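Okay, here's what each chain looks like letter by letter:
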Amino acid sequence: MAPLLEWVFSGKGLSVAGALAIAVIVIASEVLGNRRRTNARNVTAVPITPRQKQMRTGALMALLLIFPLLLGTYVSEVLDQVGLYILMGLGLNVVVGFAGLLDLGYVGFFAIGAYAMGMLTSPELGLASLSWWTALPIAVSITILAGIMLGVPVLNMRGDYLAIVTLGFGEIIRLLALSDALRPWTGGSQGIQLIAKPVVGTMVLDNQLKLYYLILAGCLLAGFISSRLRDSRLGRAWMAMREDEDVAQAIGINLVATKLLAFSVGAAFGGLSGAIFAAKLGAIYPNSFGLLISINVLALLIIGGMGSIRGVVVGALVLVGLPELLREFAEFRLLVYGALLVVMMLYRPQGLWPEDARKLEAHEDDGLSGDSSAAPAGRIIEPA
Amino acid sequence: MEEGEIVTLIGGNGAGKSTTLNTISGLLKPRRGSIRLNNENLGNFKAHEIVAKGVVQVPEGRRVFGRLTVLENLEMGAFTRPSRSEIAQTLEQVFTLFPRLKERESQLAGTLSGGEQQMLAMGRALMAKPKVLLLDEPSMGLAPVLVDSIFDTIRKLHALGTTILLVEQNARMALQVADRGYVLQTGEIILTDKATALRENESVQKAYLGVL
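Those protein sequence lines, which keep their order, are chains A and B.
In this text, residue positions in the first sequence follow this note's numbering: the first is 1, and each later residue adds one.
In this text, residue positions in the second sequence follow this note's numbering: the first is 1, and each later residue adds one.
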């Protein structure tokens, strides 16, 4: 295993030979996979038995558990970042994907989670020196509160207007963290250092590998909650609201409660991600919470498939994982982002791995607003 | 309105027909006056509470949840009702009324034809077991054959005892199914009578029925 790894990775990134090899493998599997899928389309799908499903889940879990052990620190670091983005993606997916509320300031919740964790645990500020686990529920509660505070003023806003206000919200949070007035609490441009690390038993989770398991647990929890919510009464209300707010109201859905719950759940996942992020770095600075994070999270939703939980995982792997591995081409990262988004919108507007029901429709996808009535008729693209 | 009757609101563009319906269902707030259901002022309730009280609107323009299936759309209609067995029962009734929807059960609503979408919108409202059904322009943009079938359905619902408030541009059809009618012009009720009498009324004939 080790010589193979050395061949694929050199120093801090992929070697050229390794990159080529991976590209060939990915393309080949995609081409072969496509061919198989085309064949499979003519055959009635065989339903997976619960037992098979259990075995698959078991195998996947085992893989997730041993994967970073085999691949070492660098891959763990990448997976940590992917995991933090998956957490944020799952949160934003509730807000944008399920409820159709376009939020461009999602980084605000990530920042609030991180700062709450910093303020509650760092002895440097002298506010409180709680342990990470004690501070966690408080930090998440604060983020949920922030979600509701953002939600109340925007209850009557839709589409573009909502997007602009949330965009402002994200920036306001960053500027507050940076401001001199709040320096005693947030540390201003100096940020907060000495943030507590999570401790499990006697083990301090202080390296990428140990944190990987914490992040994995967080992602599994958030994924589980998401999937249960999606199939719940509340999830249905979110989707009805996404499709048509007026009709949702006309069939008896309480829009106020439904919207605020979407913002709260979204905020909670973002806050959790922020709290882990703060512990991982041990120090946070206002500039770690720029607009680009909001955009990245939204982009990964679009790439993976809006409203799709597994799509979030795929999107995060593609948008965060690959550029991390392709460090050598780092300058072109944004260019690749842009190009990828354009290509996605043209050829696969439903995302890489959408929910099953979405695959059936003629893809009159309208990107973000979720208002299908606004989509021009006749923009029908065959599924790839 | 009396229980079990069909009342129609007719009038030209901008007369305030849809506004009246939206105010009844709580999507808009009344500036003055009040809306009463069994002596309860509906103006004091939010839209979702009014649905729970049994006043359900079928909005104008066949607004179905395009990216949900037909069945999911219907289930959403029963959002305010707690009992699963009762919902299943209503679902059967809706499918009896609209056999077409049963055939298309698992299809995405956005891929249905215009007439089918109108049936779905009505079926969805019926899932809430409304005491009063508010229909906003059910014939809008439909082929004449489909308009006939929609009005047949309205007659069937009437026969089943549903109270219906029908807003229509198609005054001729509306006055044929209705018991009573109100003629609305720029927000004022200018005329009210039995539907049969309105059909005979000269000025109504001129203005809305196209009789010279």
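Think of the hints as simulated: they come from the structure by calculation, not from any bench.
One thing to keep in mind: the hints can contain errors.
Said to hold, decoys possible - Partial list, computed: chain A residues near chain B (C-beta under 10 Å):
| # | residue |
| --- | --- |
| 1 | M203 |
| 2 | D244 |
| 3 | I253 |
Since this is a predicted model, take the numbers as computed values, not measurements.
C-beta atoms are modelled at their ideal positions from N, C-alpha and C, and glycine is treated no differently.
Do the hints match the structure? See the list:
1. M203: 47 Å, violated
2. D244: Holds, because the Cβ-Cβ distance from D244 (chain A) to chain B comes to roughly 5 Å (cut-off 10 Å).
3. I253: With a minimum Cβ separation of about 6 Å from chain B (threshold 10 Å), the hint on I253 (chain A) holds.
When held up to the earlier numbered hints, the structure conflicts with hint 1 and nothing else.
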